[in-house]
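> What follows is the residue order along each chain.
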Amino acid sequence: MDKLGNILHSLNFFYPEIALTLTFFILLLVDLFFRKSKHLLPVLSLIGYVITGYFSFTTPNASGFLFSTGMANVGLYITDSFAFYFKLIILLSLIYTVLFSILSKEINESTENRGEYYALLASFGLGMFLLTSSTDLITIYLAFEMVSLSSYILAGFTRKVPRSAEASLKYIIFGAVASGVMIYGISILYGLTGTTNIYLINFYLANQNYNTLTLVIAGLMIIGGFGFKISMAPFHFWTPDVYEGAPITITAVLSVASKAAGFAILIRFLKVAFVDYAATNLQASLWAILPGFQWNDILAVLSVLTMTLGNLAALWQNNLKRMLAYSSIAHAGYMLSGFVILDNQGILAILIYFAIYLFMNLGAFFIVMLISDKLGSEDIDDYTGLGYKAPFLTVSLTIFLVSLTGIPPTAGFIAKLYLFAALVNTGWLWLALVGVVNSVISLYYYMRVVKNMFLRESISTYEQKIELGHVLISFSLLIPTLVFGVYFKPLIELAEKSIRIFGF
Amino acid sequence: MFNNLAENFYMIEQYIPLILAILVALLFSLFLLKASSLFGPQKPNVEKLTTYESGMEPIRTARERFSVKFYIIAMLFIIFDIEVVFLYPWAVNLKILEDKLGFFIIAEMFVFILILLVGYIYLLKKGALKWD
Numbered sequence: 001m002d003k004l005g006n007i008l009h010s011l012n013f014f015y016p017e018i019a020l021t022l023t024f025f026i027l028l029l030v031d032l033f034f035r036k037s038k039h040l041l042p043v044l045s046l047i048g049y050v051i052t053g054y055f056s057f058t059t060p061n062a063s064g065f066l067f068s069t070g071m072a073n074v075g076l077y078i079t080d081s082f083a084f085y086f087k088l089i090i091l092l093s094l095i096y097t098v099l100f101s102i103l104s105k106e107i108n109e110s111t112e113n114r115g116e117y118y119a120l121l122a123s124f125g126l127g128m129f130l131l132t133s134s135t136d137l138i139t140i141y142l143a144f145e146m147v148s149l150s151s152y153i154l155a156g157f158t159r160k161v162p163r164s165a166e167a168s169l170k171y172i173i174f175g176a177v178a179s180g181v182m183i184y185g186i187s188i189l190y191g192l193t194g195t196t197n198i199y200l201i202n203f204y205l206a207n208q209n210y211n212t213l214t215l216v217i218a219g220l221m222i223i224g225g226f227g228f229k230i231s232m233a234p235f236h237f238w239t240p241d242v243y244e245g246a247p248i249t250i251t252a253v254l255s256v257a258s259k260a261a262g263f264a265i266l267i268r269f270l271k272v273a274f275v276d277y278a279a280t281n282l283q284a285s286l287w288a289i290l291p292g293f294q295w296n297d298i299l300a301v302l303s304v305l306t307m308t309l310g311n312l313a314a315l316w317q318n319n320l321k322r323m324l325a326y327s328s329i330a331h332a333g334y335m336l337s338g339f340v341i342l343d344n345q346g347i348l349a350i351l352i353y354f355a356i357y358l359f360m361n362l363g364a365f366f367i368v369m370l371i372s373d374k375l376g377s378e379d380i381d382d383y384t385g386l387g388y389k390a391p392f393l394t395v396s397l398t399i400f401l402v403s404l405t406g407i408p409p410t411a412g413f414i415a416k417l418y419l420f421a422a423l424v425n426t427g428w429l430w431l432a433l434v435g436v437v438n439s440v441i442s443l444y445y446y447m448r449v450v451k452n453m454f455l456r457e458s459i460s461t462y463e464q465k466i467e468l469g470h471v472l473i474s475f476s477l478l479i480p481t482l483v484f485g486v487y488f489k490p491l492i493e494l495a496e497k498s499i500r501i502f503g504f
Numbered sequence: 001m002f003n004n005l006a007e008n009f010y011m012i013e014q015y016i017p018l019i020l021a022i023l024v025a026l027l028f029s030l031f032l033l034k035a036s037s038l039f040g041p042q043k044p045n046v047e048k049l050t051t052y053e054s055g056m057e058p059i060r061t062a063r064e065r066f067s068v069k070f071y072i073i074a075m076l077f078i079i080f081d082i083e084v085v086f087l088y089p090w091a092v093n094l095k096i097l098e099d100k101l102g103f104f105i106i107a108e109m110f111v112f113i114l115i116l117l118v119g120y121i122y123l124l125k126k127g128a129l130k131w132d
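Residue numbers (our numbering), protein chains in the order written: chain L, 1 to 504; chain H, 1 to 132.
Treat the hints as calculated values from the structure; they're not laboratory data. The C-beta atom is built at its ideal place from N, Cα and C for all residues, glycine as well. Hints may be right or wrong, so weigh each one.
The list that follows gives simulated cross-link-like pairs (lysine-lysine, PhoX-like), each with its CA atoms no further than 25 Å apart [claimed, not checked]:
(1) Lys38(L) x Lys100(H)
(2) Lys125(H) x Lys38(L)
(3) Lys160(L) x Lys100(H)
(4) Lys321(L) x Lys170(L)
(5) Lys36(L) x Lys125(H)
(6) Lys125(H) x Lys69(H)
(7) Lys126(H) x Lys36(L)
(8) Lys3(L) x Lys95(H)
(9) Lys100(H) x Lys3(L)
Here are a few chain H residues that sit away from chain L, every Cβ distance over 10 Å (derived from the structure) [as the list claims (entries may be wrong)]:
(10) Ala25
(11) Leu30
(12) Ser37
(13) Gly40
(14) Gln42
(15) Gly55
(16) Met56
(17) Ala62
(18) Lys69
(19) Phe77
(20) Leu97
(21) Leu101
(22) Ala128
Not the full set, but computed from the structure, chain H residues with beta-carbon under 10 Å of chain L [claimed, not checked]:
(23) Lys100
(24) Phe104
(25) Ile105
(26) Lys125
(27) Lys126
Excised from the complex, chain L in its bound form (with noise of 0.2 Å):
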């Protein structure tokens, strides 16, 4: 009966997930009934995530574990500061995605499951939402699932392209095999510690023996499922096929919503279970990972290959959407690095560089879809002389691309210099400058983009026609952008405020 108590206690910090558990379903049932209505279910997805997002507000953190399991007092759910701010991040770039579904040519064409595409974006948002405040193997795990297959169905939603059926046939190979691998290694480490919680988990492998190399392989293969997710270096191949095949709305959510939410978990599971809590330095924020195996270095190895890989192909694509995903692939890298410090000033910039990359990111594939909408085409040789016949679109196209290069006065200088900051104040001064110069190749092809926009002859028959729609969401990720770069004292306190991760 105590259990019964618990659980039902555990409801009053679980609305978020309700109102966006009633999402999907309205979503579902007015989809069969009000068939004609156009923009009915977008607005009504559009409520929804508003009324979440006001429950996220409302709802206080809890003060223990959620959903308890029983033994010790440790369940399978928390909701904590860091975990709320990922879920910010990933209720906006739901919204932005809505609003970008309104003005798709190509989601508006393919009429017929309109209803399952907003459902299943729902659903979508509900897996991160799980997975970013799981505490326990087996929540993680169905959260990851519940992502993975609601993005392999929306990957392919426009099946009636053949690049996007195929999209999602890669997306659902590589996804099979990664969490495999991950539910692999989940039992291994269930074996070795004999539970699921992973705080837990932590508290064994301080006080118990075990076999290293067992834990290193255990440790590694969920490190795998979830690089899987951020599309970190080895586990990478799907990223460009998925992102160019996918529906631009689609591609622009995956790299950053399930992106933020592969984050998270990573953050959270190496760092509840594997930082040693009797040695951490609170004076100086420093962690200090539990002896055996040094989890950093495998991290900082795997950040400077994703980084190079990803800027390396990146340099050679001519579709700007592959060129984006192998640029995402890049900026996970980045991102990868801040973690490797083990210091609450990484975990900072990771937050900093989240909530900055959710507004350059979403605004580049925005204005991509627009101009590709028009143009039918994504290939760069075919933006050529479009800054003279679309002003305002390759204007705004260059200030993201400008901030995803790093440059200022725009965003993503100071996303860059948090971190790289971070990375020469806990002296990684190598992996700083590895960074450095990758931003420095990045420039290149980001300005490829620009130079073929506004220093070529055109020979296009584009026409621009600018709707206030188009314009609006331009500006409501353009500011951020810019003010972000030049203003960012708010946004810094709040991820202070959020760098904390429940019980340590």
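Got chain L; can you put chain H on it based on the hints?
Same frame as chain L, now just chain H:
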């Protein structure tokens, strides 16, 4: 924060009865299968060895491909079958639970049924139950 946890770890020893039960079940069923051929009287003749002693002659292999529709029906059946699995323990314990939790416990099950009902309405409207 977790000083009193050590005794809470599930040890692998706790699973030994479970493994024993699985082993016994496996061996016993194997024994039953084998026992009839070992101990039973066996007097085969041509008539006995045909596929059906009485009835139609088999005309082709029974391993045919089924229409995919059967699989859809089977999947849908499982969804509502699971519902019953949850309803049973709920119904059995309702009296005890209601004393402690009141109307909440009844409402909760209706929420669960409502969720499945949404699924049912969805597949009904999508025509998943139409045969042709």
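> None of the hints should be skipped; say for each whether it holds.
So, going through the hints one by one against the coordinates:
1. A threshold of 25 Å between alpha carbons decides the hint, and for Lys38(L) with Lys100(H) the separation of about 48 Å lies outside it, so the pair is violated.
2. A hinted pair counts as satisfied when its Cα atoms are at most 25 Å apart, and Lys125(H) with Lys38(L) qualifies at roughly 19 Å.
3. With a C-alpha separation of about 55 Å, the suggested pairing of Lys160(L) with Lys100(H) is violated against the 25 Å cut-off.
4. This hinted pair checks out: Lys321(L) and Lys170(L) have alpha carbons roughly 17 Å apart, not beyond 25 Å.
5. A threshold of 25 Å between alpha carbons decides the hint, and for Lys36(L) with Lys125(H) the separation of about 15 Å falls inside it, so the pair holds.
6. For the given pair, Lys125(H) sits about 16 Å from Lys69(H) by alpha-carbon distance, which is consistent with the 25 Å threshold.
7. Between Lys126(H) and Lys36(L), the direct Cα distance comes to roughly 16 Å. Compliance with the 25 Å bound is thereby established for this hinted pair.
8. The suggested pairing of Lys3(L) with Lys95(H) holds, with an alpha-carbon distance near 18 Å, which does not exceed 25 Å.
9. A hinted pair counts as satisfied when its Cα atoms are at most 25 Å apart, and Lys100(H) with Lys3(L) qualifies at roughly 13 Å.
10. With a least beta-carbon separation of about 23 Å from chain L, Ala25(H) lies farther than 10 Å from that chain, consistent with its non-interface assignment.
11. No Cβ of chain L comes within 10 Å of the Cβ of Leu30(H); the nearest lies about 27 Å off, and the non-interface call holds.
12. For Ser37(H), the requirement that its beta carbon stay farther than 10 Å from each beta carbon of chain L is met, with the minimum near 38 Å.
13. The claim that Gly40(H) lies off the interface holds: its Cβ sits roughly 43 Å from the closest Cβ of chain L, which is beyond the 10 Å cut-off.
14. Gln42(H), annotated as away from the interface, keeps every beta carbon of chain L farther than 10 Å; the closest lies near 46 Å.
15. Distance to chain L confirms Gly55(H) as a non-interface residue, since its nearest Cβ pair spans about 45 Å, more than 10 Å.
16. The Cβ of Met56(H) sits about 44 Å from the closest Cβ of chain L, beyond the 10 Å cut-off, so the non-interface label holds.
17. Distance check on Ala62(H): its Cβ is at least 32 Å (rounded) from any Cβ of chain L, clearing the 10 Å threshold; non-interface status holds.
18. With a least CB separation of 21 Å from chain L, Lys69(H) remains clear of the 10 Å interface cut-off, as annotated.
19. Every C-beta of chain L lies more than 10 Å from that of Phe77(H), the closest at about 21 Å, which supports listing it as non-interface.
20. With 10 Å as the threshold on Cβ separation, the claim that Leu97(H) sits away from chain L is violated: the shortest Cβ distance comes to roughly 8 Å.
21. Not every C-beta of chain L lies more than 10 Å from that of Leu101(H), the closest at about 7 Å, which undercuts listing it as non-interface.
22. With a closest Cβ-Cβ approach of about 12 Å to chain L, Ala128(H) is found to remain outside the 10 Å limit, as its non-interface label requires.
23. A least Cβ separation of about 6 Å between Lys100(H) and chain L falls short of the 10 Å threshold, and the interface hint therefore holds.
24. With its C-beta approaching chain L no nearer than about 8 Å, Phe104(H) sits inside the 10 Å limit, and its interface hint holds.
25. At about 9 Å, the closest approach between the beta carbon of Ile105(H) and any beta carbon in chain L falls short of 10 Å, and the interface hint on this residue holds.
26. Interface hint status for Lys125(H): upheld, as the beta-carbon distance to the closest one in chain L is roughly 4 Å, under 10 Å.
27. Of the supplied interface hints, the one on Lys126(H) holds, with its beta-carbon coming within about 8 Å of a beta-carbon of chain L, less than 10 Å.
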